[in-house]
Amino acid sequence: TDEVDYRVFAPTYLHCGHPRPVVNGPAPGTAWPWPLGSSQEVTYQSLPPGTSIASVVLARAGSVTHHCDPNQRVASLSFTHVLPVEGGPPVVPPRVTVTVPSSSNLLPQGYYMLFLVTNLGTPSEAAWVQIQ
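Position 76, counted from 1, in the sequence shown is what this note's numbering calls 86; the numbers after and before it change by one each time, with no gaps.
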């Protein structure tokens, strides 16, 4: 018999009712060029009160041809929130300044998926970045 058996993975954070950050990313089919050792601004759509960006993560895309991929990696990047000047207007759209590591030993050149993760553990959809 030709029995089809499969399962669809649906992570709980996608169905918990928490808002997902939306990165104002590069155009579809393109990637932001980020040189090693640079600082980059990433804008995103406003989040509801009580929700904030807690981490910025780069994930190297996995290989589709091998079950073992020694080049896959995840890197947590340091970042700061861009805050409004005291007494000035709010920062619109909201943004974070991300620091790209300067060593290619920590972050080899290539394409990565950028995720903004909220304090509730909900990630954004990926935006593509090319580390140069």
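Source of the hints: derived by calculation from the structure; they are not laboratory data. Cβ atoms here follow ideal geometry from the backbone N, Cα and C, with glycine treated the same way. A hint or two may mislead.
[What the hints assert, rightly or not] Cβ-Cβ distance ranges computed for the label pairs, FRET-style:
#, residue 1, residue 2, range
1, V18, V95, 19 to 29 Å
2, D12, Y121, 31 to 41 Å
3, D15, P99, 20 to 30 Å
4, G120, A64, 38 to 48 Å
5, D15, T40, 30 to 40 Å
6, P99, V18, 26 to 36 Å
7, N129, G39, 15 to 25 Å
Each hint tested on the structure:
Checking the proposed 19 to 29 Å range against V18 and V95 shows it is violated: the Cβ atoms sit about 47 Å from each other. At about 38 Å, the CB distance of D12 to Y121 agrees with the hint of 31 to 41 Å. A hinted range of 20 to 30 Å is violated for the C-beta pair D15 and P99, which are about 56 Å apart. G120 and A64 have their C-beta atoms about 26 Å apart, which leaves the hinted 38 to 48 Å range violated.
At roughly 38 Å, the beta-carbon separation of D15 and T40 lies within the given 30 to 40 Å, and the hint holds. The given range of 26 to 36 Å is broken by P99 and V18, whose C-beta atoms sit roughly 45 Å from each other. A beta carbon spacing of about 31 Å between N129 and G39 contradicts the range 15 to 25 Å that was offered as a hint.
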